[in-house]
Each structure stands twice: as C-alpha cells, then as structure tokens.
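Position chain Z relative to chain V; hints supplied.
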Amino acid sequence: MHARNAGLQRLRSLTKRVGIATTVLTGIFAGLAAASNSGHHRRPTATGSPPGSTTTPARAGQIPAPPSLPPLSGGGDEAGQSSPTPPVQSQAPPVAVSGGS
Amino acid sequence: MTPPSCSFPALGTTATVCVTDAAALSEARAVLERELDAIDAACSRFRPDSELSRLNARAGRPVRIGETLYESVAVALRVAAVTDGLVDPTVGRSLRLAGYDRSFELLRPGWGVRPQFLPAHGWQAVEVDPEERTVRLPPGAELDLGATAKALAADRSAAEIAGSSGCGVLVSLGGDVAVAGTAPRDGWPIRIADDHAAPLEGPGPVVSISSGGLASSGTAVRRWRAGGVELHHILDPRTGRPAATPWRTVTVAAASCVDANAASTAAVVLGDRAPGWLAARGLPARLVSETGSVTHVCEWPLEAAA
Chain V
1 MHARNAGLQR LRSLTKRVGI ATTVLTGIFA GLAAASNSGH HRRPTATGSP PGSTTTPARA
61 GQIPAPPSLP PLSGGGDEAG QSSPTPPVQS QAPPVAVSGG S
Chain Z
1 MTPPSCSFPA LGTTATVCVT DAAALSEARA VLERELDAID AACSRFRPDS ELSRLNARAG
61 RPVRIGETLY ESVAVALRVA AVTDGLVDPT VGRSLRLAGY DRSFELLRPG WGVRPQFLPA
121 HGWQAVEVDP EERTVRLPPG AELDLGATAK ALAADRSAAE IAGSSGCGVL VSLGGDVAVA
181 GTAPRDGWPI RIADDHAAPL EGPGPVVSIS SGGLASSGTA VRRWRAGGVE LHHILDPRTG
241 RPAATPWRTV TVAAASCVDA NAASTAAVVL GDRAPGWLAA RGLPARLVSE TGSVTHVCEW
301 PLEAAA
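So the sequences go chain by chain: V and Z. Straight run, no breaks: the first sequence in this note's numbering ends on number 101. Straight run, no breaks: the second sequence in this note's numbering ends on number 306.
Think of the hints as simulated: they come from the structure by calculation, not from any bench. Quantities reported herein were computed from a predicted structural model and do not represent experimental measurements. All C-beta atoms, glycine included, are put in the ideal place defined by N, C-alpha and C. There may be inaccurate statements among the hints.
If you want a taste of the chain V side facing chain Z, the calculated C-beta under 8 Å gives, among others [unchecked claim]: (1) Ala6; (2) Gly7; (3) Leu8; (4) Thr85; (5) Pro86; (6) Pro87; (7) Val88; (8) Gln89; (9) Ser90; (10) Ala96; (11) Val97; (12) Gly99; (13) Gly100.
Pulled out of the complex, with its shape left as it was, chain V reads as follows:
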C-alpha cells in the first residue's frame, strides 16, 4: 500500500513537471516564431513591372497591379510617342546595314 501511494505521488509529480515544461516550451517556440516572422517583413515592391513606374505603394504582402504601359509605337522623336514617320525608299548610298545579328 505504501509503495502504491509512493508510485502515485511520483506520477503526479511527473505529470506536473511535464505540464510546466510544455508551457515553457510553448512560450519559447511562440517567441521564436514571432522573431523569425519579423525578419521577413518586406518593403512594397513592384513585381514584374518596370522600375520607376510604380507610383502607389502597396501594402506589405500585396502584389501591386501592373501599371498601364505605353504600347510599342511607330516612328517619332521619342520612345512612346505615336507620330508615325515610316521609312521611305532611298536611292542614296547606305550608311548602315540592318539585318539579323
């Protein structure tokens, strides 16, 4: 009987220690998880959109919508302008050759 009571006492003590250890470990892992999450905080970035064209900052974790881009355009003074000046046939001696490269 004495031995049985002693065994039960040890079991209760063990159960209590396991409970305390579980609580402590849960706290430790929760702290570690929180710390590692903060390391992944990212600035808003543009995904697959030309740099410089993003004007509205996105919230962290939100992929910004691609901005509207100017279409490829015919001849003009600057890229993006659309004032077609198509090539014309020439009889002059060429100064350059355009071909595959």
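Just chain Z now, with coordinates in the frame of chain V:
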C-alpha cells in the same frame, strides 16, 4: 555626300556611328565607346565579372544594382509587358540550357552539349524596388538582356551624341539602328539584309529614316549545332525552344531602336500572326519568309523589282 562615319568591333558585333558634322565624329566615337563599355560591364551574360552575372548568381535574394543595369532591366521588363511576354528577359536559363552559354564566337560547330529546353521563368516574377534600386529574381531564374540592351545602348548613345554635339547622328549596333538630332535632308539611308554584316553595297532594299529607330531580327544568323540539333538564338519563352517561325528576317521601324528591336523579335516568335500584330500597333515592317517572299506592313515602302 556620304556623312562621315566610323565603325569598330563591339559587343560581339559591329558598331557604327555617322554624324552630319565631321567635326563631331571623334567625340561621337568616344561617347559610343564609353556607352558600350558601360553596357558590357553591366549587362553581359558571358562576363563573370558583369553586374548581370552577379545578379543571376544571387537569384532568390534582392540585389542592389547600378544605374545602367537597373535601366536595362527596366527596359527589358517594359518590353516583356508590351509584347505580352513574347520577348522575355527571364529566358536566360533557357538560352544557357539550349547551349548558348558563352559568347557566340566561342560556340564550336558540333558543340557536344545536349540541349535542354525549358520555358522561361516569366518576367512577372521579377521583383524590383525603385527606391532601393534592387532586383530580386525568382530562385533559379537567369536574365538575358540580349534582346534589348544593345538597342538601348544605341538609343542612349545617339541621344547623348546629338545632345552634346548638336548635329544629326546615326548609331548602328549590329544592325540595331537609332537616329537622333536633325537628320540629313533625305534621311539616313539604311540597307536591309538578312545579316547585318553584309556589305553596304550588297543586295537588298535601301530605306531611309529621319527619327526613331529601325531594327531587324532573324534566324539566318547566330545558328549553332548542339547535340546534333540545329538551333538559332531567338527562343520562344513559352517553350524554351528556338522559335518555330516562317520568317527568316523581320525589320521594323519604330519610335526608338528598343521598340523596333522588341517588335521585330516578337514578330519572329509570333510567326504567322506577326503581320496582324505589327499592323495593330502601327509599326511599319518588312517580313521575309524562309522561301524569300516579302510581306510589307503599314507604310513600309514598296520595293522596286530586281
């Protein structure tokens, strides 16, 4: 009178600069050489010390890069967007696996590497941070800026030369042509050929432009054999294989050399649908099929019968 010009080898091809004022030629060449050095140091896929090689080696992490590479990546992503991904800078790994893993001059006939064909990662997965000037490639991705960097260099150097000298200028980098400033009265005459290395006085129509750019893309050059397979350098990003196309050479005129080159490359990849695609964008173009038949788009001038 033929405008003063000079040519020299650069970027594995030929660089040419023409000016309307002979006194500006020396400085024009110096500007072009500086620009080419900067582009090569920033954007070469074949130089282990280039900024692009450093960026490719660090895929998966944000990498802070210099202004020249940043602008080149920005332009490449814009081109990918406006071509619906037909010209995609994330095709770098596909090119390497297909056997184009070194400067073209170093590729040997019968190269023993068995080519593999993998689609491009997709340009949408590239993250850029304009404030920090960083680029993050998705893990495993590699950029190739060959479709845009040369044309960008032509645009940039032509604009700088015209701005500093005040004269008209034409810059040709391997047949990717940009003009700026006041052109000669009848424009800049340019011969169209399958190969940019063809002689000036060779066969092929001559057209002139007064602004913007003109570029050609084709499958007749930069061909190689790997693992017993005949390949060319214009890959379809959707498959990672050399584009199956009816066009031997496509030439486009546009508002800039970058746009012209983007459109001509996209047209090769697009195949049969290219004339409609170019017409919808108002881009004058000349497409030569594998059989030699010629298709004109928009207001490309008709050619005199041979």
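Here's how the hints hold up against the structure:
Checking Ala6 of chain V against chain Z by beta carbon gives a least distance of about 59 Å; that is not within 8 Å, so the hint is violated. Against a cut-off of 8 Å between C-beta atoms, the interface hint on Gly7 of chain V is violated, since the closest Cβ of chain Z lies about 56 Å away. Look at Leu8 of chain V: its Cβ only gets to about 57 Å from chain Z, farther than 8 Å, so that hint breaks. Taking 8 Å as the C-beta contact cut-off toward chain Z, the hint placing Thr85 of chain V at the interface holds, the least distance being around 6 Å.
Nearest Cβ of chain Z to the Cβ of Pro86 of chain V: about 4 Å, under the 8 Å cut. The hint holds. Here the hint on Pro87 of chain V is kept, as its CB sits about 4 Å from the closest CB of chain Z, short of 8 Å. Below 8 Å, beta-carbon pairs count as interface contacts, and Val88 of chain V has one with chain Z at about 6 Å; its hint therefore holds. The closest approach between the C-beta of Gln89 of chain V and any C-beta of chain Z is roughly 4 Å, which is under the 8 Å cut-off, so the hint is satisfied.
The criterion of a C-beta within 8 Å of any C-beta in chain Z is met by Ser90 of chain V, whose closest approach is roughly 4 Å, and the hint holds. About 4 Å separates the beta-carbon of Ala96 of chain V from the nearest beta-carbon of chain Z, less than 8 Å, and the hint is met. Of the supplied interface hints, the one on Val97 of chain V holds, with its beta-carbon coming within about 5 Å of a beta-carbon of chain Z, less than 8 Å. At about 4 Å, the closest approach between the beta carbon of Gly99 of chain V and any beta carbon in chain Z falls short of 8 Å, and the interface hint on this residue holds.
Against a cut-off of 8 Å between C-beta atoms, the interface hint on Gly100 of chain V holds, since the closest Cβ of chain Z lies about 3 Å away.
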